Amino acid sequence: MIDPIEPPPRKNPLIRTRLPTSPPKARSRTSHAFTRAAAEGRFVLQRCGSCGTYCYPAREACPCCLSSAVAFVDAPRRGTLLSETTVRVPSDVYFRERAPWRVGLVKMECGPIIVAHLHADCEESAGVKMSFQLDRSGQAVAFASPEKETPNMSDDRQWREMTADPKFRRVLVTNGRSAVGQEAVAALKSAGAKTVFVGVAEPWKPLAGEKLLRAQEGIEIVPLDVADEKSTMDLAADIGGKVDILVNTTEYIRSGGLLDRRGTSVARDEIDQAYLGFINLAQAFGPGMRMRGADGVNNSAAWVNVLSVYALVNWPAFGAYSASQAGCLSLSHSLRAELRPGGVKVINLFTGPIDIEWFQTVPPPKVAPRAVATAVVSALQNGLEEVYAGDVAEEIRQRLAANPKAVERELGGRYRS
Amino acid sequence: MEANKLVELASAVSSGAVRVVDLTFTLSPDFPVIVLPPEFGQAAPVRIQQISRYDSAGPAWYWNNLSFGEHTGTHFDAPIHWFTGKDLPNNSVDTMPTRDMIAPACVIDCSAQAAQDPDFLLTIELVEAWEARHGRIPARNWVLLRTDWSKKGWRDYANLRDDGAHTPGPNAAVMRWLVEERGILGFGTETIGTDAGQAGHLDPPYPAHHFLHGGGRYGLQCLCNLDQLPATGAVIMAAPLKIQNGSGSPLRVIALLAS
Chain A
35 MIDPIEPPPR KNPLIRTRLP TSPPKARSRT SHAFTRAAAE GRFVLQRCGS
85 CGTYCYPARE ACPCCLSSAV AFVDAPRRGT LLSETTVRVP SDVYFRERAP
135 WRVGLVKMEC GPIIVAHLHA DCEESAGVKM SFQLDRSGQA VAFASPEKET
185 PNMSDDRQWR EMTADPKFRR VLVTNGRSAV GQEAVAALKS AGAKTVFVGV
235 AEPWKPLAGE KLLRAQEGIE IVPLDVADEK STMDLAADIG GKVDILVNTT
285 EYIRSGGLLD RRGTSVARDE IDQAYLGFIN LAQAFGPGMR MRGADGVNNS
335 AAWVNVLSVY ALVNWPAFGA YSASQAGCLS LSHSLRAELR PGGVKVINLF
385 TGPIDIEWFQ TVPPPKVAPR AVATAVVSAL QNGLEEVYAG DVAEEIRQRL
435 AANPKAVERE LGGRYRS
Chain B
115 MEANKLVELA SAVSSGAVRV VDLTFTLSPD FPVIVLPPEF GQAAPVRIQQ
165 ISRYDSAGPA WYWNNLSFGE HTGTHFDAPI HWFTGKDLPN NSVDTMPTRD
215 MIAPACVIDC SAQAAQDPDF LLTIELVEAW EARHGRIPAR NWVLLRTDWS
265 KKGWRDYANL RDDGAHTPGP NAAVMRWLVE ERGILGFGTE TIGTDAGQAG
315 HLDPPYPAHH FLHGGGRYGL QCLCNLDQLP ATGAVIMAAP LKIQNGSGSP
365 LRVIALLAS
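Chains A and B, in that order, are what the protein sequence lines are.
Residues in the first sequence are numbered consecutively from 35, following the numbering used here.
Residues in the second sequence are numbered consecutively from 115, following the numbering used here.
Derived from the structure by calculation, the hints contain no laboratory data.
Hints may be right or wrong, so weigh each one.
What the hints assert, rightly or not - Straight-line alpha carbon distances no greater than 27 Å define the calculated DSSO-like cross-link-like pairs of lysine-lysine that follow:
1. Lys239/A / Lys265/B
2. Lys276/A / Lys245/A
3. Lys45/A / Lys239/A
4. Lys266/B / Lys245/A
5. Lys223/A / Lys59/A
6. Lys200/B / Lys356/B
7. Lys223/A / Lys239/A
8. Lys264/A / Lys200/B
9. Lys45/A / Lys223/A
10. Lys265/B / Lys264/A
11. Lys182/A / Lys201/A
12. Lys264/A / Lys276/A
13. Lys59/A / Lys45/A
14. Lys439/A / Lys400/A
15. Lys228/A / Lys276/A
16. Lys239/A / Lys200/B
17. Lys265/B / Lys245/A
18. Lys245/A / Lys223/A
Note that the coordinates shown come from a computational prediction; the quantities given were computed from them, not determined experimentally.
Assemble the whole structure, with the sequences as input and the hints as a guide.
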């Protein structure tokens with residue numbers, strides 16, 4: 035059993051902030067199948083198409099029959115901890131700073147033996163559940179957890195390095211006016227966030243749910259219009275050093291593609307809010323987050339983008355909106371690389387149509403704002419990078435993997451919602 | 115007019131014998147803009163994007179790129195802004211006569227009524243009562259409605275509720291009367307529009323826009339410091355940007371008054 039982590043004390047201003055370091059990041063191209071699985075929270079291993087043998091680590095041929103048909107498939111997670119080692123003086127700077135560090139050999143039920151990072155509650159000869167996690171260099175590593183839930187399980191020091199748990203962290207939700215934003219505030223607060231800053235643009239407009247937000251301890255309404263450079267910079271000047279998790283809930287949804295719209299004003303607003311807003315947020319908050327990646331229990335940990343799944347493939351009924359989301363998706367990849375030296379994760383959460391007014395005429399299934407918020411918290415707690423919230427998003431993901439051209443044609447076929 | 119009278123005026127401005135009052139809010143992203151139902155096109159808010167500030171993007175100089183809708187901040191409405199004025203000659207900010215950019219103002223103080231009732235409407239009776247004290251409103255004068263609305267915090271200033279904005283303005287009869295019976299040059303307010311917040315429910319809807327622009331007259335809104343102006347005697351300088359076929363523009367509005 036592990037002790038619960040304590041709320042971090044206020045920062046000692048006389049002590050230098052530790053700069054983030056990265057665990058080793060070299061991987062083979064084939065190994066990135068694990069990166070992909072870790073990003074999505076799946077567990078895969080290579081399995082020989084000829085003899086059925088599971089193998090690990092990644093390789094080009096089956097260790098049993100030398101067949102080259104070794105595809106990555108979803109694999110059973112159960113295993114047994116054969117042996118464990120506590121590394122006390124590692125030579126690698128990242129691990130040296132975090133020593134002692136436990137690793138072990140896990141014999142998988144499906145065959146291979148895997149060297150894994152260990153949750154503190156894993157015991158020798160006992161069963162473990164294996165996952166691939168993204169470490170702070172953004173690469174997949176094998177991680178063994180106890181089979182059953184143990185007390186304070188998510189407070190494990192090594193697990194917390196792999197995740198971005200909101201517990202005791204300070205979160206900025208950029209758009210507190212949207213339903214998703216408001217649900218995210220509630221979900222993050224109940225997940226143990228110390229403070230949730232709630233961005234509200236145009237404070238001169240009434241804010242739904244304002245009394246409820248103001249009544250709760252640990253929720254602070256802050257002025258933030260992400261499309262406005264000065265507003266974003268001003269907020270970062272105030273709280274930039276205290277944002278451990280940023281949840282970008284920017285929402286500007288208008289229907290229409292190209293021909294049924296007149297002019298560019300709506301497209302301009304879409305770009306202003308979503309794309310330029312992203313850039314303003316990144317320039318204002320990114321450098322501080324990248325620098326604070328090793329700043330104690332409440333170090334900076336993650337940046338979450340709530341994106342439309344139509345960032346991946348255009349839905350012409352919301353064609354220009356889809357394009358604005360695609361732009362943000364591309365920015366997120368740049369941001370991910372730029373934040374990596376700080377160990378800060380960039381999580382993209384894709385949704386289908388959300389059950390809000392802007393998708394009123396779209397038939398179900400639609401994803402509930404609360405479900406989106408729950409998915410945000412779960413992604414942070416599990417350290418994921420790509421999350422598909424709701425049936426539509428998941429379906430689009432699968433269909434895109436199968437035949438992107440078919441998805442294009444089919445979405446185009448119902449371009450009037 | 116003798117040329118030296120003009121020079122005399124300039125000297126009086128310089129010496130302070132003629133006071134110059136700024137009736138303009140600072141053009142900033144924070145200032146409320148008109149809100150239409152989301153299905154309509156919206157006025158782009160004011161955006162100020164820095165090009166450089168003595169930095170690597172420009173080591174010795176500071177400058178910004180600006181963008182905003184024509185109807186943001188303290189701004190001017192030209193006749194072409196409303197359908198009633200769309201076919202008039204010289205109805206846009208670039209073609210309007212320059213002589214209309216300088217004119218005296220009659221200031222009607224309704225701050226007491228507006229403090230009592232955010233939906234206060236100016237009526238003919240109230241203007242007639244004003245005329246009984248200050249004389250008939252001369253033709254080609256600005257009429258400025260003082261409500262002290264500009265002194266409010268932004269949320270109270272916009273005063274948006276579930277059924278829209280609640281801010282003072284003129285009723286339909288007085289707008290028609292001011293344009294047709296008094297021949298005013300234009301009408302100015304401290305609120306976000308020349309019309310009241312609930313003016314969409316008047317007949318005709320948005321009577322200030324309807325009658326002013328239909329009559330080739332102008333609007334000024336988001337004015338401040340009207341409390342510093344006398345009921346009569348101030349001269350307003352309101353020269354909008356010369357935007358091609360522009361329907362209006364943010365501008366600096368100043369008032370000259372004998373001190």
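*Quick one, are Lys59/A and Lys45/A close enough, alpha carbons at most 27 Å?*
Answer violated: Lys59/A to Lys45/A is near 30 Å, above 27 Å.
*Sort out whether Lys200/B lies within 27 Å of Lys239/A, counting only the CA atoms.*
Outside the cut-off at roughly 32 Å; violated.
*27 Å limit on alpha-carbon distance, applied to hinted pair Lys45/A and Lys223/A*: Distance of about 22 Å is within 27 Å: holds.
*Take a quick look at whether Lys239/A and Lys265/B sit within 27 Å of each other, Cα to Cα.*
Between Lys239/A and Lys265/B the Cα gap is close to 17 Å, so the pair holds against 27 Å.
*asked:* Lys223/A and Lys59/A were given as a pair; does the straight-line alpha-carbon distance stay at or below 27 Å?
replied: violated, 33 Å
*Given the hinted pair Lys245/A and Lys223/A, is their alpha-carbon gap at most 27 Å?*
holds, 16 Å
*Given hint Lys200/B paired with Lys264/A - CA-CA distance at most 27 Å*: Violated, at about 37 Å.
*Going straight from one Cα to the other, do Lys45/A and Lys239/A come out at no more than 27 Å?*
Measuring from Cα to Cα gives roughly 36 Å; hence the hint is violated.
*Please work out if Lys200/B and Lys356/B have their alpha carbons no farther apart than 27 Å.*
OK: Lys200/B and Lys356/B at ~18 Å, within 27 Å.
_For Lys439/A and Lys400/A, compute the direct alpha-carbon distance and say whether it is at most 27 Å._
holds, 24 Å
_Need the status of pair Lys182/A, Lys201/A: alpha-carbon distance at most 27 Å?_
holds, 21 Å
*With a cut-off of 27 Å on the C-alpha distance, tell me whether Lys276/A and Lys245/A pass.*
Roughly 24 Å separates the two Cα atoms, so the pair holds.
Violated hints, listed in ascending order, are 3, 5, 8, 13, 16; each of the other numbered hints is respected by the structure.
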